[in-house]
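Chemist: Sequence:
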Amino acid sequence: MNRFWKLTLYMAGIPLGLGLLLCIGGSDGLASAGILGLALIPIYIIGSIVLAIMGHTEEAKAMILSLGLLLLLGLSICGLMIASMN
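Just so you know, the sequence shown maps onto residues 0 to 85 in numbering that gives the first Met the number 0.
For the record, the hints were derived by calculation from the structure and aren't laboratory data. All residues carry an ideal CB built from backbone N, CA and C; glycine is no exception. Hints may contain errors.
Simulated DEER-style distance windows between Cβ atoms [what the hints assert, rightly or not]:
{"#": "1", "residue 1": "A30", "residue 2": "H55", "range": "32 to 42 Å"}
{"#": "2", "residue 1": "T56", "residue 2": "M84", "range": "20 to 30 Å"}
{"#": "3", "residue 1": "L17", "residue 2": "A82", "range": "20 to 30 Å"}
{"#": "4", "residue 1": "G25", "residue 2": "M53", "range": "34 to 44 Å"}
{"#": "5", "residue 1": "L8", "residue 2": "T56", "range": "11 to 21 Å"}
{"#": "6", "residue 1": "T56", "residue 2": "S83", "range": "37 to 47 Å"}
{"#": "7", "residue 1": "I23", "residue 2": "M53", "range": "31 to 41 Å"}
{"#": "8", "residue 1": "L79", "residue 2": "N1", "range": "10 to 20 Å"}
{"#": "9", "residue 1": "R2", "residue 2": "A38", "range": "22 to 32 Å"}
{"#": "10", "residue 1": "G25", "residue 2": "A51", "range": "35 to 45 Å"}
Sequences and hints are given; from them, build the entire structure.
Modeler: And the structure:
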């Protein structure tokens, strides 16, 4: 596995796993996972811009791709869990 995919898996897998573990904790966990998602999105955007400016293009691309995965998977899973609560 090349370095780009390892970086992408690390940058997306760790926050997704942590968010899913937080979602297990009930309604307080769902709120914590939502706050985690809201905090990570701007951090990843700013971090990828800084990395691109500094010339670390591979890391910046991996961060942008993992940001897309976080948005697609993490927030939709939490949205489905919130929608299923009564």
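Chemist: None of the hints should be skipped; say for each whether it holds.
Modeler: Quick rundown of the hints versus the structure:
The given range of 32 to 42 Å is respected by A30 and H55, whose C-beta atoms sit roughly 34 Å from each other. At about 42 Å, the beta-carbon gap between T56 and M84 misses the expected band of 20 to 30 Å. Checked against the hint of 20 to 30 Å, the C-beta distance between L17 and A82 comes to roughly 21 Å, which is consistent with it. Between G25 and M53 the beta carbon distance is about 41 Å. The supplied range of 34 to 44 Å therefore holds.
Checked against the hint of 11 to 21 Å, the C-beta distance between L8 and T56 comes to roughly 18 Å, which is consistent with it. Taken as a hint, the range 37 to 47 Å holds for the pair T56 and S83, whose Cβ atoms sit roughly 40 Å apart. One distance hint, 31 to 41 Å for the beta-carbon pair I23 and M53, holds here, with the actual separation near 37 Å. Remark: the range hint 10 to 20 Å for L79 to N1 is contradicted by a beta-carbon distance near 33 Å.
Between R2 and A38 the Cβ separation comes to about 26 Å, which falls inside the hinted range of 22 to 32 Å. At about 39 Å, the CB distance of G25 to A51 agrees with the hint of 35 to 45 Å.
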